[in-house]
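There are 2 protein chains.
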Amino acid sequence: MLTTRTSTPRRAPHVVVIGGGFGGLAAARALRHAPVTVTLVDRANHHLFRPLLYQVATAGLAPSDIAVPIRHVLRDQPNATVLLGDVRDVDVAGRRVLLAAPCEPATLSYDYLIVAAGSRHSYFGHDAWAADAPGLKTLADAVEIRRRLLDAFERAEVAPTPAAADAELTFVVVGGGPTGVELAGMIPELARGALRREFRRIDPRRARVLLVEAGPRLLPALPAPLGERARRDLAALGVDVRLGTRVDDVTPRAVRLRVDGVDERVSTSTVLWAAGNRASPLGISLARQAGVEPDRTGRVPVLADLSLAGHPELFVVGDLAVVAWPARGGTVPSVAPAAMQAGRRAGDNVARLVRSRATRPFAYVDKGELATIGKHRAVASLFGGRLRVAGWMAWWFWLALHIAYLIGFRNRLSVLLQWSYAYLFGDRGARLIIDDAPAQRPTPRPAAAA
Amino acid sequence: MLTTRTSTPRRAPHVVVIGGGFGGLAAARALRHAPVTVTLVDRANHHLFRPLLYQVATAGLAPSDIAVPIRHVLRDQPNATVLLGDVRDVDVAGRRVLLAAPCEPATLSYDYLIVAAGSRHSYFGHDAWAADAPGLKTLADAVEIRRRLLDAFERAEVAPTPAAADAELTFVVVGGGPTGVELAGMIPELARGALRREFRRIDPRRARVLLVEAGPRLLPALPAPLGERARRDLAALGVDVRLGTRVDDVTPRAVRLRVDGVDERVSTSTVLWAAGNRASPLGISLARQAGVEPDRTGRVPVLADLSLAGHPELFVVGDLAVVAWPARGGTVPSVAPAAMQAGRRAGDNVARLVRSRATRPFAYVDKGELATIGKHRAVASLFGGRLRVAGWMAWWFWLALHIAYLIGFRNRLSVLLQWSYAYLFGDRGARLIIDDAPAQRPTPRPAAAA
Numbered sequence: 002m003l004t005t006r007t008s009t010p011r012r013a014p015h016v017v018v019i020g021g022g023f024g025g026l027a028a029a030r031a032l033r034h035a036p037v038t039v040t041l042v043d044r045a046n047h048h049l050f051r052p053l054l055y056q057v058a059t060a061g062l063a064p065s066d067i068a069v070p071i072r073h074v075l076r077d078q079p080n081a082t083v084l085l086g087d088v089r090d091v092d093v094a095g096r097r098v099l100l101a102a103p104c105e106p107a108t109l110s111y112d113y114l115i116v117a118a119g120s121r122h123s124y125f126g127h128d129a130w131a132a133d134a135p136g137l138k139t140l141a142d143a144v145e146i147r148r149r150l151l152d153a154f155e156r157a158e159v160a161p162t163p164a165a166a167d168a169e170l171t172f173v174v175v176g177g178g179p180t181g182v183e184l185a186g187m188i189p190e191l192a193r194g195a196l197r198r199e200f201r202r203i204d205p206r207r208a209r210v211l212l213v214e215a216g217p218r219l220l221p222a223l224p225a226p227l228g229e230r231a232r233r234d235l236a237a238l239g240v241d242v243r244l245g246t247r248v249d250d251v252t253p254r255a256v257r258l259r260v261d262g263v264d265e266r267v268s269t270s271t272v273l274w275a276a277g278n279r280a281s282p283l284g285i286s287l288a289r290q291a292g293v294e295p296d297r298t299g300r301v302p303v304l305a306d307l308s309l310a311g312h313p314e315l316f317v318v319g320d321l322a323v324v325a326w327p328a329r330g331g332t333v334p335s336v337a338p339a340a341m342q343a344g345r346r347a348g349d350n351v352a353r354l355v356r357s358r359a360t361r362p363f364a365y366v367d368k369g370e371l372a373t374i375g376k377h378r379a380v381a382s383l384f385g386g387r388l389r390v391a392g393w394m395a396w397w398f399w400l401a402l403h404i405a406y407l408i409g410f411r412n413r414l415s416v417l418l419q420w421s422y423a424y425l426f427g428d429r430g431a432r433l434i435i436d437d438a439p440a441q442r443p444t445p446r447p448a449a450a451a
Numbered sequence: 002m003l004t005t006r007t008s009t010p011r012r013a014p015h016v017v018v019i020g021g022g023f024g025g026l027a028a029a030r031a032l033r034h035a036p037v038t039v040t041l042v043d044r045a046n047h048h049l050f051r052p053l054l055y056q057v058a059t060a061g062l063a064p065s066d067i068a069v070p071i072r073h074v075l076r077d078q079p080n081a082t083v084l085l086g087d088v089r090d091v092d093v094a095g096r097r098v099l100l101a102a103p104c105e106p107a108t109l110s111y112d113y114l115i116v117a118a119g120s121r122h123s124y125f126g127h128d129a130w131a132a133d134a135p136g137l138k139t140l141a142d143a144v145e146i147r148r149r150l151l152d153a154f155e156r157a158e159v160a161p162t163p164a165a166a167d168a169e170l171t172f173v174v175v176g177g178g179p180t181g182v183e184l185a186g187m188i189p190e191l192a193r194g195a196l197r198r199e200f201r202r203i204d205p206r207r208a209r210v211l212l213v214e215a216g217p218r219l220l221p222a223l224p225a226p227l228g229e230r231a232r233r234d235l236a237a238l239g240v241d242v243r244l245g246t247r248v249d250d251v252t253p254r255a256v257r258l259r260v261d262g263v264d265e266r267v268s269t270s271t272v273l274w275a276a277g278n279r280a281s282p283l284g285i286s287l288a289r290q291a292g293v294e295p296d297r298t299g300r301v302p303v304l305a306d307l308s309l310a311g312h313p314e315l316f317v318v319g320d321l322a323v324v325a326w327p328a329r330g331g332t333v334p335s336v337a338p339a340a341m342q343a344g345r346r347a348g349d350n351v352a353r354l355v356r357s358r359a360t361r362p363f364a365y366v367d368k369g370e371l372a373t374i375g376k377h378r379a380v381a382s383l384f385g386g387r388l389r390v391a392g393w394m395a396w397w398f399w400l401a402l403h404i405a406y407l408i409g410f411r412n413r414l415s416v417l418l419q420w421s422y423a424y425l426f427g428d429r430g431a432r433l434i435i436d437d438a439p440a441q442r443p444t445p446r447p448a449a450a451a
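Just so you know, the protein sequences line up as chains A and B, in that order. Sequential numbering from 2 applies to the first sequence in the working numbering. Sequential numbering from 2 applies to the second sequence in the working numbering.
In isolation and in its complexed conformation, chain A is listed as follows (with noise of 0.2 Å):
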């Protein structure tokens, strides 16, 4: 096996990986023993284990236990470089990754590329509710979800009258997908559990919950009896699940709701985003550029190598891509143990060309999905739907999953040690409210005292 540098006689083929998150780090990593230079961009210095985001979101987790500077991991593969910093876009005829503004020279050129800048989430056409339901993509919004749950309980206790408590106890999560069944669930257990008798003007276990869904279930993705368990999982903790319901309009203090041409108003401060996602702005572009239509939101279709079409040096993985499941007859979902495999699969391919051979066709394994329902309860659909698995039976084996995949992570052991501890006491640790800026923080109104 030779490893070249770019030091030696004749230079490596320069492969550029844009994004660090599960399919562009495996496609790094995929990459170790072949002989090119890697680069990997990306605008965060952290590789984040994003199925768990919710638990940061609801305080039960720190960041930093599910996040990893990059660097750290591909700290011992000498070919490869991360690079911190904003891709604007690709120049695929110029075989050119684009750098955003302030980065001069803005431009990396390349011989192969993967492109694995993933999703943000969409709200549909109106950005401008962006500022007051909040999405679940980073740790920076995790950290603003956090600080924003926190906050209404704060202002809840010091509200004039008890209507306004009423509506500073009221969550509004928008999408019935995992992220929003995981931050629903969540929401009643921070309020029974860690919060329950640290207030003394209000009563945390007040707090209502509403899962606003456009679809008629949940969990679309998963077998229909599964989204049905969870809803009456979801009942039981007290969320009150709406179905084939549709959010009409988010203001700073309510949002309206229409249910079959019927207009309603829910008074509340705290509207959670977790309905739908649009691809990186790249899709766009990168399926323009290749002549290919992208989907309805943003993303790339590729072949079955994962190569964008007429472009046998560029690949598209993850969320970003549009893969073909020909064993299921649909696409291949947007989760990460996909966008892993993807990952390893484009890599693999690279390394393949590199050496003049001929690229293999993805073959996506279905290791199933899941979802969490509160604190110990769980949905599963394994083995392609053929073994379904929920309650607390369900929920033991995603928490084992889950530390398996966390496994490599150094914050294996914090993350268990942090999940005994909240199972045990009913206590989540790391509710902070950190903030940089408090002048623009929604303050309290404080009653008088006595």
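There's no promise every hint is true.
Heads up, incomplete: computed chain B residues facing chain A, CB under 10 Å, no partners named [unchecked claim]: (1) Val83; (2) Phe154; (3) Glu155; (4) Gly386.
I should point out that these hints are in silico values taken from the structure, not numbers from a laboratory. Computed from a prediction, not measured in an experiment: that's the story for all the values here. Don't be surprised by glycine CBs; every beta carbon is placed ideally from N, CA and C.
Knowing the structure of chain A, use the given hints to seat chain B on it.
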């Protein structure tokens, strides 16, 4: 023992405590069995174990390791209410606490007041430096310093010239007290330990740390030989200690130092401010209303029982108070144990007044002073300076003491584990750059890749 609640026929006296730091929290706790109602007001939702804040700033500990919600600490004290809010001023004659603008109704009437509002860092009239030389008092400060330290290495990695990289790898710490010594000592550890193998274009070990102190020695609160020992230990870590050196100017890309009338310009984008404190503005207001003279940092002189002259119902404790220390002929130092002891005394004195007993004078018990230098050295002055310890023994003592102090916080086990891990493997787990507004962050300047 009679525990009176607000609902009893005869209204219980209302005690307002301003500040949830060591002093305020100790005061509130000391009133737990008193027949009063207590309202503790703080602008942060958490109590902070500030002696370890430099560990968060240097990515060794996570914010949640050293902070705990104030509500959580007081959850089992039924006579205490916690209010998240900003105190604008105190109306001493009217016995009212005025809350900052957005809070309405904006006053808290009190029968007794304990002010423990602490201090911020002071730029000695150069407040414009704050943007380029952040100080370290709050969790947000620590997260910001961590971001700047880590960003500096990122910028160095993509710097266009070796000189630019050198400037990015130059760190200037201003102030030779414990915070400055501890920050300066941890930067080489961070650079040589955790970051060592993670960069490709720079060698993080080239990081240069300047510790600038205007006075003739480090750690002025400790005996002189320990200051000299700290200087030697820092020099052994490669820190360039500049005594008798003033900071003349701070700009985004440099600091100007002045030694014996000669100017020196140091190129750096990372200046950390650990020089000097300024008491909360409440100090000057209280002093004016009581007709006493604040000291030059804005602290209020108090009587032997910690009350304000002419106002037996108002006590001032912690960094905000100037308290005579007859045993030593000076004033009580601004350290955490002194604030805790004074808080307890003030709370106890209020309890005595409520029961129509005479207050007692504050008698400070000196537990000694400590500062760590890097990863396994410290200096300690114990039993009023009669016992001086330096080197690894002092470090182990420091560690044991801080872990013992953290008992009562739920995070001690996590802290112990993180430190054991960091000590054994040289890793620092909390190396996260969390960014709410990525556009405002100085963006790295990537070089065009080969």
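Hint check:
| no. | hint | result |
| --- | --- | --- |
| 1 | Val83 | 8 Å, holds |
| 2 | Phe154 | 9 Å, holds |
| 3 | Glu155 | 4 Å, holds |
| 4 | Gly386 | 37 Å, violated |
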